[in-house]
Amino acid sequence: MKAIVGNNFIRLENFKYFVGKASSVGFGAYGTKEATGPGGSASRLDVFDHIPTPKLEEMQLTVTGLDITFEGAAGTGLFTGISVPGKGSGRVDVGVGSFTSGSVQLVKISPKDDHELIKQINAAGKAKDKLIDFGGKARVAVDLLVVVSGTVYTEFLAGLSGKGDIAFKGGVVSPNILIGATASNSIEVSPNTVVGYSLAEPKWNAHQDKNKTAVTELRFDEPGL
52 MKAIVGNNFI RLENFKYFVG KASSVGFGAY GTKEATGPGG SASRLDVFDH IPTPKLEEMQ
112 LTVTGLDITF EGAAGTGLFT GISVPGKGSG RVDVGVGSFT SGSVQLVKIS PKDDHELIKQ
172 INAAGKAKDK LIDFGGKARV AVDLLVVVSG TVYTEFLAGL SGKGDIAFKG GVVSPNILIG
232 ATASNSIEVS PNTVVGYSLA EPKWNAHQDK NKTAVTELRF DEPGL
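Be aware that the sequence shown starts at 52, since it is given in this note's numbering, and climbs by one per residue.
Zero decoy hints are in this set.
Straight-line distance between alpha carbons at most 25 Å, and here's what the computed BS3-like set of lysine-lysine pairs gives:
#	residue 1	residue 2
1	K261	K181
2	K170	K106
3	K181	K106
4	K106	K163
5	K170	K220
6	K163	K67
7	K254	K177
8	K170	K188
9	K67	K188
10	K106	K220
11	K261	K170
12	K170	K254
13	K220	K72
14	K254	K188
15	K72	K138
16	K163	K254
17	K177	K106
18	K181	K263
19	K177	K188
20	K106	K254
21	K177	K220
22	K254	K67
23	K67	K53
24	K181	K254
25	K220	K163
26	K220	K138
27	K261	K177
28	K263	K170
29	K72	K181
30	K261	K188
31	K177	K72
32	K263	K177
33	K188	K106
34	K53	K138
35	K53	K163
Bear in mind the hints are in silico, worked out from the structure with no lab data behind them.
Could you build all of it, start to finish, from the sequences and the hints given here?
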């Protein structure tokens with residue numbers, strides 16, 4: 052799968068991912084959609100909170116490696132001063148050459164099934180109540196785009212063989228979470244590691260707020276809409 056990087060978005064399969072304030076978005080983030088540029092071109096998630104970690108740890112995930120191209124010189128600034136799992140604890144600047152050489156890898160981390168995320172939203176009372184309060188601006192981050200070192204990604208793929216499902220625990224995604232993750236084959240997913248994300252608007256089982264008790268659907272959104 053190819054990721055095309057522009058100034059205010061990352062596009063996968065003709066779908067645009069948000070990049071605004073991506074460093075503040077962690078796994079399970081929710082809040083309101085806010086416009087920060089003309090026409091909403093740099094719109095973003097204003098993070099209120101994250102779904103509780105124990106709920107997220109019940110979900111199964113998928114991790115997809117992405118080829119990356121840049122629209123001219125556009126988008127290179129998105130990878131400046133980011134935290135890259137496997138590249139130490141500080142912030143680094145990642146250039147085009149880092150991707151082409153295999154030094155780093157862009158990956159997409161997603162719930163295995165959107166219904167799993169819906170289930171965890173409905174089980175998290177505080178998150179569900181706030182999303183109702185936010186009304187039409189309410190959004191949930193679904194897919195995350197994270198840059199990892201090439202070494203970490205290689206080790207991650209090697210760990211998939213015979214290790215069962217991919218899961219999230221203790222702030223990392225690992226293929227062998229049930230038998231013990233190691234730093235070499237786990238991908239950290241936290242604020243400051245994320246460079247892009249998809250957003251979805253929750254749809255409910257009732258029209259009036261007082262009658263809403265459950266999310267029934269996640270309707271995906273795009274920058275500029």
